[in-house]
Amino acid sequence: MSIHVKFFASMRDLMGDDRDISSDIIQQYGIKTIDDVWAYCAKGKERPSNVLMALNMDYVDAQSVLKDQDEVAFFPPVTGG
Amino acid sequence: MKVIINSDAFDPWQILNDFQNKMPDRMQGSYGATAVFIGTMRDFNEGDDVSEMFLEHYPGMTERHIEGICQQATKDYQLIDSLVIHRVGHIKPNDPIVLVAVWTEHRKQAFVACREIMEDLKSKAPFWKKEQLSIGQARWVEKNTQG
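So the protein lines, in turn, are chains A and B. Residue numbers for the first sequence follow numbering that gives the first Met the number 0, beginning at 0 and rising by one. Residue numbers for the second sequence follow numbering that gives the first Met the number 0, beginning at 0 and rising by one.
If you are wondering where the hints come from, they were derived from the structure by calculation, not from laboratory data. Check each hint, because a few of them may be wrong.
[Claimed, not checked] Within a straight-line C-alpha distance of at most 27 Å, the following computed DSS-like cross-link-like pairs (lysine-lysine) qualify:
(1) B/Lys123 with A/Lys44
(2) B/Lys142 with B/Lys91
(3) B/Lys107 with A/Lys5
(4) B/Lys142 with A/Lys44
(5) B/Lys142 with A/Lys66
(6) A/Lys5 with B/Lys74
[To be verified] Here are the in silico distance ranges between beta carbons for each label pair:
(7) A/Asp19 with B/Glu66: 21 to 31 Å
(8) B/Arg138 with A/Ala41: 14 to 24 Å
(9) A/Ala61 with B/Gly59: 18 to 28 Å
(10) A/Ala61 with B/Asp24: 44 to 54 Å
(11) B/Arg63 with A/Glu45: 43 to 53 Å
Since the structure is predicted, the reported quantities are computational estimates derived from the model, not experimental observations. Think of the CB as a built atom: it goes at the ideal place given N, C-alpha and C, for glycine as much as any other residue.
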């Protein structure tokens, strides 16, 4: 199992580049939900209250459970148009 | 229904003209109303002069969400056709950023649907603006202005 993680806009400034989380890491850190992905990637940084989360390009909440090859994204409120 | 995310500058009036002229024969004569919204880059924001902007998006998710918004509006307001174009990348003041156009039988549906697509796009479609200020500093835009 592996998870692909993306950060956009100011979240990339805060968290760094996109990354893949390998099966070994997932097992070692007990990563099951999007919240777990944040905790692993953030290394202690608190998740901003306004951060939005997507799982395979659909909006979800932090408790969403992951499966193999999922794509998780973290980004700030959108400002298009 | 057509959704385009584009890094090239565009002329919204030329695109509208081309799009409408290329509508299938079955649509010609079927609409009585066209509503259009064009969003253009300002050279100021929150009291500061802005010289340039970078618009980032989430490839795939952005297109999917705008298509979903247009599909919902098509059901809710019986749209005959719709067109959304949104710029990404480097943008200069006075450049068009977004075009929303809808074609319906009657004007009320057209006005409401155009507004609703635009507001949904602003609140749901994953785009982010980074402004380059004239004084040299760059900053992410953190929230949309009031509609």
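Each hint, compared with the structure:
1. B/Lys123 with A/Lys44: 26 Å, holds
2. B/Lys142 with B/Lys91: 20 Å, holds
3. B/Lys107 with A/Lys5: 41 Å, violated
4. B/Lys142 with A/Lys44: Holds - the C-alpha atoms of lysine 44 of chain A and lysine 142 of chain B are around 22 Å apart, at most 27 Å.
5. B/Lys142 with A/Lys66: 32 Å, violated
6. A/Lys5 with B/Lys74: 33 Å, violated
7. A/Asp19 with B/Glu66: 21 to 31 Å: 28 Å, holds
8. B/Arg138 with A/Ala41: 14 to 24 Å: Holds, at about 23 Å.
9. A/Ala61 with B/Gly59: 18 to 28 Å: 22 Å, holds
10. A/Ala61 with B/Asp24: 44 to 54 Å: Since the Cβ atoms of alanine 61 of chain A and aspartate 24 of chain B sit about 50 Å apart, the hinted range of 44 to 54 Å holds.
11. B/Arg63 with A/Glu45: 43 to 53 Å: 30 Å, violated
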